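Chemist: Protein chains in written order, with our numbering: chain A, 99 to 203; chain B, 90 to 305.
Do not take every clue at face value.
Subject to a maximum C-alpha distance of 27 Å in a straight line, what follows is the list of computed DSSO-like cross-link-like pairs (lysine-lysine) [what the hints assert, rightly or not]:
no. : chain 1 : residue 1 : chain 2 : residue 2
1   : A       : K142      : B       : K123
2   : A       : K160      : B       : K143
3   : A       : K179      : B       : K161
4   : A       : K137      : B       : K133
5   : A       : K160      : B       : K135
6   : A       : K142      : B       : K134
7   : B       : K123      : A       : K122
8   : A       : K105      : B       : K133
9   : A       : K138      : B       : K135
10  : A       : K148      : B       : K186
11  : A       : K130      : B       : K98
12  : B       : K93       : A       : K116
13  : A       : K122      : B       : K134
14  : A       : K140      : B       : K133
Which residues of chain A face chain B? A few of them, derived with a C-beta cut under 7 Å, are [unchecked claim]:
no. : residue
15  : E135
16  : V145
17  : N149
It should be emphasised that the hints constitute simulated quantities derived from the structure, not laboratory data.
Model, not experiment: these values are computed from the prediction.
Every residue, glycine too, gets a C-beta built ideally from N, C-alpha and C.
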Amino acid sequence: MAVEALKLIRGGEEEGRKLIEEAKESVAKIIKDAEEEVKKLKEKARVDEKNLAVQISDKYAKEGGEEEKAIMKDAEAEAEKLKTTAGSNLDSTVNVVLEKILGLV
Amino acid sequence: MGAKEIVDKIKDEANAECEKILSEAKENAERISKEAREEIELQKKKFIEAEERKGVEEEERIVRAARLNARKVRWDAEEEMIGKALDEAMDRIKEVKRGGFKGNSYSNILTGLIKDAAMSIIAGSSASSELEVMLSEGDADASFVTPDMLKKISAEISAGGVNVRLSLSNERIKSAGGIIVRGKDGKIEVNNTFEQRMARFSTSLREEIVKNLFTK
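Just chain B, same shape as in the assembly:
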């Protein structure tokens, strides 16, 4: 082999080696690029899934809050109308004082409330009771309850076995109407003013109001 052939061989080998090196480098570069793209795609897929989950949760939160607000809107409307019914009832008491209610004069209504209160006080007692009836300023001035009425009520209750003596107190109560009956010793008292009765029956009253008010 001559020197030229040797040189050509060396060059051929060098060229072959170069090609091999470059080819491997290109393969490596393509692998790096391919792996990176795959990784980015996977990451993007995971990212979208996570963001979608967050989005769904956010949408659900908005809807939950809206449902809560909607309930409040309905509840507010109900409360407004319940309040209106209660206010209207208190307002109508003035009319009741003038014209009675369902065939009952206001005096009769107070008579019933006095009896009810007196019976509650003497319940379970066998001793005679001295009770006094307190009225509001307006009811006292209008003489809706007279000593004669109280005498009659006392007689009716006493007929049941327990001697009761009702009298009118000079003390006045601040109320839209109704009465308070208490023992002369001041130990026991039954408050049958309309405000107290409204408060006392508030739970059952609310049920009644809701049942009547919102039934078509």
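This is chain A alone, in the form it adopts within the complex:
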């Protein structure tokens, strides 16, 4: 009777040990899964960063390009105005130059 009881207890103990052993194995898997998830998140973040970098760079390059176009358009218009003004003043300016080089002033 006592032997049977002891067998039963040992069996229980063995089962308990197994349960704990299985639980420990599950722990390793849970942690490994979590680490795997972190690894994936980091990889995704790296890909996202590359895309973000392109998006941000494009955005500012576009803004800069638009500003550049406007500046150059203004400059071209201003240069044309300068030429028009100079064209209408050319004759009188040539007279000023001639007065100087001919020694009349």
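Knowing the structure of chain A, use the given hints to seat chain B on it.
Modeler: Frame of chain A, contents of chain B only:
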């Protein structure tokens, strides 16, 4: 306590221990995941800030370069028109030779330039000076300056106290017009050709040109 109760107790304890172990593991896994997400978010925030800064700098660089280019476009336009005014002036010299300028004949203009050059040479000197006048081939052929004119100029200058004798040189200069006066000994020379005068007065001429050309 019977054996069955002992076994049940052992199993209960094992189950409790299992639950504890698994619960702790799950907590750990959640902590690892949470910390990683927080770290990734922070990293992403920093990354965006850095990229934004780089973007702003790039935009500023583009705008700075554009402003520089714009200045060059305006400067090129100004230079083009200044050059045009100078070229036009040199071209108009041919007309001046034919019809004079502002009531002055070309001969009168050359007379003025000869006087100016001669006065510069004798400035500060009390000794008499023998000076010769060099002309361009075209001006010499057209007799814009004659020995009689030089005599008259010499007399006018000499009336100031220093005896001056101007004569025409046989040497010709390569120039669109104007004169060179030099001492007979060749030591002193005043170059009053139009090209030289243009170069000599370039700074003040440019200012005058800009003032006149671009004023509405």
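Chemist: Hint check: K142 (chain A) vs K134 (chain B), CA-CA at most 27 Å. Holds or violated?
Modeler: 15 Å, holds
Chemist: So if I understand the rule, the pair passes when the alpha-carbon distance is 27 Å or less; does K130 (chain A) with K98 (chain B) pass?
Modeler: Not OK: K130 (chain A) and K98 (chain B) at ~32 Å, beyond 27 Å, violated.
Chemist: Take the C-alpha atoms of K93 (chain B) and K116 (chain A), compute the straight-line distance between them, and say whether it is at most 27 Å.
Modeler: 18 Å, holds
Chemist: Against the 27 Å threshold, does the CA-CA distance of K105 (chain A) and K133 (chain B) hold or violate the hint?
Modeler: 60 Å, violated
Chemist: Classify the hint on E135 (chain A) as holds or violated, based on whether any CB of chain B lies nearer than 7 Å to its CB.
Modeler: Holds, because the Cβ-Cβ distance from E135 (chain A) to chain B comes to roughly 6 Å (cut-off 7 Å).
Chemist: For the pair supplied as a hint, K142 (chain A) and K123 (chain B), confirm whether the alpha-carbon distance does not exceed 27 Å.
Modeler: 16 Å, holds
Chemist: Between K148 (chain A) and K186 (chain B), is the straight-line Cα distance small enough, at 27 Å or below?
Modeler: 74 Å, violated
Chemist: Does K135 (chain B) lie within 27 Å of K160 (chain A) when you go C-alpha to C-alpha?
Modeler: Holds, at roughly 23 Å.
Chemist: For K137 (chain A) and K133 (chain B), compute the direct alpha-carbon distance and say whether it is at most 27 Å.
Modeler: The hint holds at about 15 Å.
Chemist: Once the shortest beta carbon distance from V145 (chain A) to chain B is found, is it less than 7 Å?
Modeler: 12 Å, violated
Chemist: Verify the proposed pairing of K123 (chain B) with K122 (chain A), using a straight-line Cα cut of 27 Å.
Modeler: Distance ~22 Å between K123 (chain B) and K122 (chain A) Cα, so the pair holds.
Chemist: Holds or violated: K140 (chain A) with K133 (chain B), Cα cutoff 27 Å?
Modeler: 11 Å, holds
Checked against the numbered hints above, the structure violates hints 8, 10, 11, 13, 16, 17; every other hint is satisfied.
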